[in-house]
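Asks: Assemble the whole structure, with the sequences as input and the hints as a guide.
Protein chains: 2
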Amino acid sequence: MCGIVGFIGEGNVQEVLIGGLEKLEYRGYDSAGIFVVDIEANGHLFKEEGRIAKLKSEVDFDLQSVVGIGHTRWATHGPAATYNAHPHRSANQRFVLVHNGVIENYKEIKEEYLQGVELSSDTDTEVAVALIEYFVEAEELSTKEAFKKALSVIKGSYAFGLVDQLDPNVLYAAKNKSPLLIGKGDGFNVIVSDAMAAIEHTNEYIEIKDNEMITITQDNVIIEDVDGNVIERESYIAELDANDLEKGAYPFYMIKEIDEQPAVLRRLVQEYQNDQHEFEIDSDLTDDLLNSERVYVIAAGTSYNAGWASKAIMEKVAKIPTEVHLASEFAYDIPLLSEKPFFIFLTQSGETADSRQALVKVNELGHPSLTITNVKGSTLSREASHTLLLHAGPEIAVASTKAYTAQITVMAILADALRALKSEEAGFDMAKEIGLAASAMESILSERDDIKTWVDSNLMETRNAFYIGRTADYYVAMEAALKLKEISYIQTEAFASGELKHGTIALIEEGTPVIALISGELTSAHTRGNIEEVKARGANTMVISTHALSREDDQFIVSNLNELLAPLAMVVVTQMIAYYTALGRGLDVDKPRNLAKSVTVE
Amino acid sequence: MCGIVGFIGEGNVQEVLIGGLEKLEYRGYDSAGIFVVDIEANGHLFKEEGRIAKLKSEVDFDLQSVVGIGHTRWATHGPAATYNAHPHRSANQRFVLVHNGVIENYKEIKEEYLQGVELSSDTDTEVAVALIEYFVEAEELSTKEAFKKALSVIKGSYAFGLVDQLDPNVLYAAKNKSPLLIGKGDGFNVIVSDAMAAIEHTNEYIEIKDNEMITITQDNVIIEDVDGNVIERESYIAELDANDLEKGAYPFYMIKEIDEQPAVLRRLVQEYQNDQHEFEIDSDLTDDLLNSERVYVIAAGTSYNAGWASKAIMEKVAKIPTEVHLASEFAYDIPLLSEKPFFIFLTQSGETADSRQALVKVNELGHPSLTITNVKGSTLSREASHTLLLHAGPEIAVASTKAYTAQITVMAILADALRALKSEEAGFDMAKEIGLAASAMESILSERDDIKTWVDSNLMETRNAFYIGRTADYYVAMEAALKLKEISYIQTEAFASGELKHGTIALIEEGTPVIALISGELTSAHTRGNIEEVKARGANTMVISTHALSREDDQFIVSNLNELLAPLAMVVVTQMIAYYTALGRGLDVDKPRNLAKSVTVE
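In the order they appear, the protein sequences are chains A and B.
Sequence positions in the first sequence follow UniProt numbering and run 1 to 602.
Sequence positions in the second sequence follow UniProt numbering and run 1 to 602.
Treat the hints as calculated values from the structure; they're not laboratory data.
You may find that some hints are simply not true.
In this list, chains with the same sequence are indistinguishable; a pair is considered to hold if it fits within one copy or across any two.
Stated by the list, open to error - Lysine-lysine pairs mimicking BS3-like chemistry, simulated, CA-CA at most 25 angstroms apart:
#  : residue 1 : residue 2
1  : Lys149    : Lys209
2  : Lys316    : Lys361
3  : Lys535    : Lys110
4  : Lys144    : Lys110
5  : Lys535    : Lys107
6  : Lys155    : Lys535
7  : Lys177    : Lys535
8  : Lys452    : Lys535
9  : Lys316    : Lys340
10 : Lys144    : Lys184
11 : Lys422    : Lys319
12 : Lys144    : Lys107
13 : Lys319    : Lys376
14 : Lys316    : Lys432
15 : Lys144    : Lys256
16 : Lys340    : Lys319
17 : Lys422    : Lys340
18 : Lys148    : Lys177
19 : Lys361    : Lys155
20 : Lys376    : Lys316
Replies: Here it is in structure tokens:
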């Protein structure tokens with residue numbers, strides 16, 4: 001949430017900033033803005049509520065600028081309005097700041113340092129830029145010293161980009177818990193929240209660590225630690241293909257990404273198989289896992305749901321007890337851990353602040369960890385002991401689809417590799433079953449028109465809905481409900497079928513949609529019974545089942561799969577239900593209200 | 001769900017049946033009915049959709065009857081309508097049956113045995129009574145033999161009461177997985193789902209076990225096993241005080257039960273303390289617990305939420321790792337267990353079918369278990385290795401309140417007793433802290449008028465709402481949401497505050513009520529930040545906090561408590577929010593639609 005781009009040097013500054021913000025729009029789209037200083041040292045600020053497209057139409061691209069910073073916002077303090085948009089300027093207009101994160105002590109700072117200062121926004125960010133001005137004015141510090149002192153006062157999470165209009169040859173940056181990278185160019189340098197924002201201009205990046213002070217000029221980057229010691233750090237090459245971002249003929253990224261899932265599954269089998277067609281995982285990682293007694297999966301949102309769908313695979317295939325925890329809860333309420341725990345972080349972006357906070361705690365405790373992520377070199381990848389990649393290609397739609405199925409697939413591959421190392425009986429060929437899951441996906445994807453027809457007749461007017469299922473179907477129901485909820489704004493809850501009658505069944509009214517998932521042989525009769533219970537109370541029921549467990553009236557039938565992998569195909573039906581519901585309701589499928597893709601505040 | 005009463009012998013049969021059904025109405029109130037045979041062997045059937053009161057107004061109390069069966073229904077197959085109400089009669093009108101449970105193979109039975117039979121209801125029950133008639137007619141079996149044969153064909157859960165109109169001197173009964181008891185009287189005998197239904201008439205009861213055949217006459221009770229061997233079984237005295245059931249001056253049981261909570265907490269301290277004012281628990285139980293490595297709490301609905309609120313107490317006080325599982329899921333998806341597991345079943349009624357099914361599995365695996373229940377002698381109490389009682393007095397309102405806080409309190413007492421046996425440092429005096437929690441409850445109960453005022457201005461029109469909190473506050477939020485949802489029909493979801501932004505925040509609109517709970521010091525700043533996030537998107541926020549963490553604008557403030565026990569007082573505010581919301585909307589607080597108190601089907 002919130003994206004930052006900064007640029008200094010030769011080039012059309014406004015174009016780089018706006019182009020970068022367009023790539024970062026997934027991180028928040030409540031409002032956006034850029035600030036540039038032209039060759040005559042005049043400052044120009046452009047801010048707009050809403051999408052980047054609106055801002056773009058207001059920007060003067062003819063200005064000859066030498067430095068600039070831009071920002072796309074996901075509101076944390078104060079509503080999404082132009083006056084709260086970044087960049088924020090200090091009262092004397094000299095200092096201009098962009099910020100991603102949350103300043104926890106902004107009220108205290110206001111009281112202690114800024115009694116006389118009138119602020120023009122509700123944001124915590126404006127307090128930061130006012131504080132820098134205060135230190136320059138009241139204590140006669142240089143800009144750099146004032147910035148440094150402000151950082152020592154500010155508590156919370158941040159990535160900052162700072163411009164001093166009186167000295168447009170320098171761009172300042174710093175971060176704590178929020179992502180920020182330096183991009184090195186020829187005759188220019190940039191700062192970005194995500195390499196994707198500047199990949200067109202450079203593929204050479206330098207990591208910034210927490211509490212470092214970064215001073216950037218057209219040709220030079222200086223990194224200093226808190227004591228002012230200069231740090232030398234190697235750059236790395238980001239492997240991102242700008243073409244992957246194009247949605248081509250698709251109306252929305254989401255449906256493109258839904259369609260890519262069978263290919264992602266097949267790619268994962270290839271990537272993780274050795275020449276003997278066996279799954280092979282780095283032995284440092286498998287050694288750590290085999291030495292542990294218990295796996296703790298830590299994740300948020302869709303990744304959390306993928307954790308649940310993977311738990312049974314890890315327990316039944318690799319025979320390692322597995323717990324799943326919400327990242328935002330785990331960091332502040334660590335359960336009694338087993339003596340040899342192993343932590344798996346599931347995060348598409350590798351930047352999820354809640355997960356990162358949990359990883360910081362895990363590292364403090366000295367336990368081994370693995371990040372399963374789509375983004376090589378992301379924060380959680382760098383800071384965990386091990387990384388496995390999702391190889392899903394960039395996921396642009398805010399509502400995650402292919403990352404979810406890729407996460408389950410990587411967990412299944414990992415579980416199977418561990419099983420082989422433990423010489424446990426397989427019972428089935430995991431690579432083959434993943435291939436079958438990919439085929440089952442393709443088969444159900446071909447029924448999109450029928451799904452659209454059902455959605456158009458059943459979900460256009462409803463304000464609420466339920467997904468029910470047992471065991472693996474319950475975990476898919478959790479993800480199905482989240483997907484429908486986040487892009488269609490229908491309040492959808494997932495329930496373990498048997499739990500509904502312990503209270504929530506009170507919400508069932510004439511016509512309430514209840515979608516049941518049935519892929520488990522042992523529980524299918526019970527879920528059928530629960531369907532009768534809600535039908536008896538007027539519910540409009542729909543059943544998605546696997547072929548072997550299907551009945552004549554079932555709406556959608558998925559090919560038979562090993563039950564552990566059935567979620568991979570079952571979920572695709574529910575992804576399409578969410579997609580067509582949002583589409584039918586005329587909503588922006590890829591950029592649902594209030595959300596942001598990579599959640600980098602806690 | 002579904003309640004059964006049967007009576008044979010001297011007395012006003014209709015009055016006993018209707019009086020008993022009134023006591024059992026908490027088990028379901030979609031429809032009800034009674035069937036009696038008078039002294040001239042004429043049968044009389046009375047059935048009505050809706051509440052017992054409606055049925056009562058239709059019954060002829062002047063009939064001189066000798067035997068009868070009655071039923072109050074919670075619909076599982078077919079809508080709540082008179083034609084689906086029990087008792088059900090066979091086609092020739094001779095056999096009449098009441099049933100609680102779910103017959104899983106009713107479609108198969110219909111196809112195999114009942115091709116020519118026309119059925120007049122949608123119920124699985126009518127299939128059972130038709131099958132009995134079939135065996136009597138087609139195979140010339142006696143009623144008892146036909147009943148026995150039908151039981152051997154029927155798969156699923158049931159408690160049956162059967163009357164043969166041609167032989168009104170006998171009442172037949174049998175059960176499998178659903179509760180049923182025999183009550184012994186002077187010149188009469190009864191069968192009941194719950195001793196409460198007949199406690200005015202007798203306090204002497206005999207347990208029935210699964211798959212036994214019960215033949216009851218006015219003066220005699222015969223229990224036989226499947227092979228026809230007669231079984232002798234001692235009766236027991238049920239300790240229920242009929243006066244406890246009276247709600248007195250209260251308009252609803254729910255508010256009476258909310259008010260009783262401080263007294264229940266104090267009673268529990270007394271009950272579990274020895275003469276030295278130390279908590280003392282049966283050493284067989286504590287030995288089993290101290291020998292185990294990991295506790296698995298199994299529960300459903302409100303008890304499940306109590307399990308979560310207790311997890312941290314068990315882990316932090318007794319230092320035993322604790323997992324919480326949904327009963328309906330556990331039985332069919334047993335996780336990889338530790339080598340020495342211990343199971344705790346939380347169930348107010350001790351009859352919850354989902355929990356009982358899990359206990360059956362646990363017993364098959366040979367692991368030790370504890371049931372924490374309000375009902376002595378209930379099924380889960382009898383079948384677990386150990387029992388601890390809630391001493392909360394009968395809970396009549398369908399929405400549980402005092403059982404929830406009593407469950408947490410008993411878990412806290414148990415944890416503290418274990419801690420003492422392990423010679424771990426207490427850090428605090430548990431008995432004193434429970435006393436403080438009781439006082440904090442009283443203090444917040446005295447603010448009911450303010451809560452009602454807030455509810456009346458904020459929750460009368462809304463269709464949805466959210467509760468948020470972190471760690472212990474999140475677990476209270478789960479219960480708060482369930483309570484509001486089940487009696488006010490407002491779709492309320494609980495979220496770990498930090499998780500909201502990972503999707504569900506898309507549902508926040510102008511005016512959406514978001515109620516935040518803040519009792520944890522470590523997380524309070526983060527939850528405050530999350531409140532700002534939803535406020536920025538238009539939410540109508542409300543904060544319930546503890547005194548130490550409160551801010552000026554907070555709506556309700558609870559006295560400071562040890563953080564582990566804060567849920568006991570925090571939840572009381574949310575119980576009153578639910579109560580006054582349902583009251584303000586003119587709903588039947590004690591008997592919400594679609595629900596039943598003791599959920600005895602899976």
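Asks: For each hint given before, does the structure comply? Return the numbers of the non-compliant ones in rising order.
Replies: Hints 13, 15 and 20 contradicted; others consistent.
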